[in-house]
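Visitor: Chain by chain, the residues run as shown.
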Amino acid sequence: MKRRDFARFYEKHVDRIYKFVYFRVAGNRERAEDLTQDIFTKALKAFDRYDPKISESAWIYTIARNHIINEAAKTKEMTDLADVEFKLASDWDEHAERSFDRNRVLTAIEDLPPDEADLVRLKYLEGWRYHEMAEITQKTSGALRVQMTRILKKLKEKLKHK
Amino acid sequence: MSREVLRHLKKLQKRAKPDPGFRRALKRHLVSQIPFAWTSLLKPLAVTAVVVLLLSSGSAVYAYQSDEITPRHPLYAVRMGAEQFEIAFNRSNPEYYLETKVKHLERRIAEVETMLRKDDRILQQDVARVTQGVVEAIDAVEGVQERERWDHQIQQTEVSFAQRIQKLPDSGTYRPMLVEHSKRIGRQIYQLTPERRASYLNAELRYEAELLGIDWTLTDRAVVVEDVEPEVVVRMQESGVMQEQEADVKAHSETIGRPPTQSSVGTQQDSQRSSTPVTEPAENVEWQQEELVPVQFGVAPTVVVTTSTEDSMDELDEQEVPDASATTTESASSTQVLEDEATLQRVRVFFGKVKQQTSD
Chain G
1 MKRRDFARFY EKHVDRIYKF VYFRVAGNRE RAEDLTQDIF TKALKAFDRY
51 DPKISESAWI YTIARNHIIN EAAKTKEMTD LADVEFKLAS DWDEHAERSF
101 DRNRVLTAIE DLPPDEADLV RLKYLEGWRY HEMAEITQKT SGALRVQMTR
151 ILKKLKEKLK HK
Chain Z
1001 MSREVLRHLK KLQKRAKPDP GFRRALKRHL VSQIPFAWTS LLKPLAVTAV
1051 VVLLLSSGSA VYAYQSDEIT PRHPLYAVRM GAEQFEIAFN RSNPEYYLET
1101 KVKHLERRIA EVETMLRKDD RILQQDVARV TQGVVEAIDA VEGVQERERW
1151 DHQIQQTEVS FAQRIQKLPD SGTYRPMLVE HSKRIGRQIY QLTPERRASY
1201 LNAELRYEAE LLGIDWTLTD RAVVVEDVEP EVVVRMQESG VMQEQEADVK
1251 AHSETIGRPP TQSSVGTQQD SQRSSTPVTE PAENVEWQQE ELVPVQFGVA
1301 PTVVVTTSTE DSMDELDEQE VPDASATTTE SASSTQVLED EATLQRVRVF
1351 FGKVKQQTSD
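Chains G and Z supply the protein sequences, listed in that same order.
Per our numbering, the very first residue in the first sequence carries number 1; after that it's consecutive.
Per our numbering, the very first residue in the second sequence carries number 1001; after that it's consecutive.
Which residues of chain G face chain Z? A partial, calculated answer using Cβ under 8 angstroms: (1) Asp-15; (2) Lys-19; (3) Tyr-22; (4) Thr-36; (5) Phe-40; (6) Thr-41; (7) Leu-44; (8) Tyr-124.
Hint data in this document are derived by calculation from the structure and do not stem from the laboratory.
Cβ atoms here follow ideal geometry from the backbone N, Cα and C, with glycine treated the same way.
Generate coordinates for the entire structure from the input sequences, incorporating the hints supplied.
Guide: Take a look at the structure:
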């Protein structure tokens, strides 16, 4: 493995993976950094076995997702990714640094069904593109766009009623 | 989609950036675990160690490495001499040579930053050094494979520098220098092969889109500007930025891959040209996405705007949407570029107008 290759891979994905973790630990930066380090350490160990036929985004996303679930599973209380957010985070109010309005938005996202909340986070909080999300979710970009429009409409309705 | 909700989400996204110190430290930690191949002794970064060893005194080492050395410093000539050695050492390997050139460009910019931090006045020759660094780095890209990535990196570095100078309190003083800077770089770019020129200009376009926060992808025959809100599309149509091609909503994939029959710019200045009708819908597309309102303008490749709508989705069936990717390549491949420079410039202007309308 060349240092340059891994460095390039790291630079390309670190911000997004950090965001992925950050929004699952309720904005706890210290925890997000720890988990990001763990994820990239795992990626480093597996880097020589990486199959270029799989997209890099999908590969590192799988590592990140599995690691988050495994961390929660250590306590043997829950393994669902949606529940992990509340397990790994102590308290949104304690660690978040945002206004009341943004708190409403985040709470509304958490109220969505888990798969829909995941899509909103991937697209609007972590900055994934539709074609990258398609690789992860095994759905087409077109189907994701349709689904996202419905989700965002639902989100807006939730915010109106809050 | 409520703009306010999107705005909050975008702010949240910005807040979630990793601390730069953590980012750097983690990279160093991870990379240090990779065994150092002994051929990497020839890498440009390793040349730094060689240069340091060859420098005869502590002050010379300081001149080479310190961030405080600027063109006004007595030891600046020592730094320049060490850099010439680096270039000579790496000249035979195109990638190492390019990395050295990019490193030296970043140093020139860092020197200007140091002078600004110390309230030193920036002179024409200081900007000229950065210009020369950009020109030489662009030239060095010619010998490597991942040209678009390097063009993008150099272009980002150069634009960041120009914007930094423009933001200075007495930026009017620097305007002639920046004009000369842009002209020189422009002349260099236009001396390149058409392929490289397109690559660099595309890098510039991508960076501008990033700065403007515009999401877009490049397909085989179209620039797709994504997720533009319906009211922005309407404003752009009303202001003459875009011409409405169709009253009816068509499926997104229908407009991809079909060259328009006539040219159309979609601006008021080009009102002499006739608007381009949308091509006939593809026969194999069965569904209609009512949330997508594609609007075309321009010569091939087509620019397509997709938008999300808040219209009710109740009338849509819950059936699975057919695979639109069968008829379109939506992924923005890193090797795809816009080859028509006139269209590229038009897309740039279009991005600016989308942003302007979005901000209003």
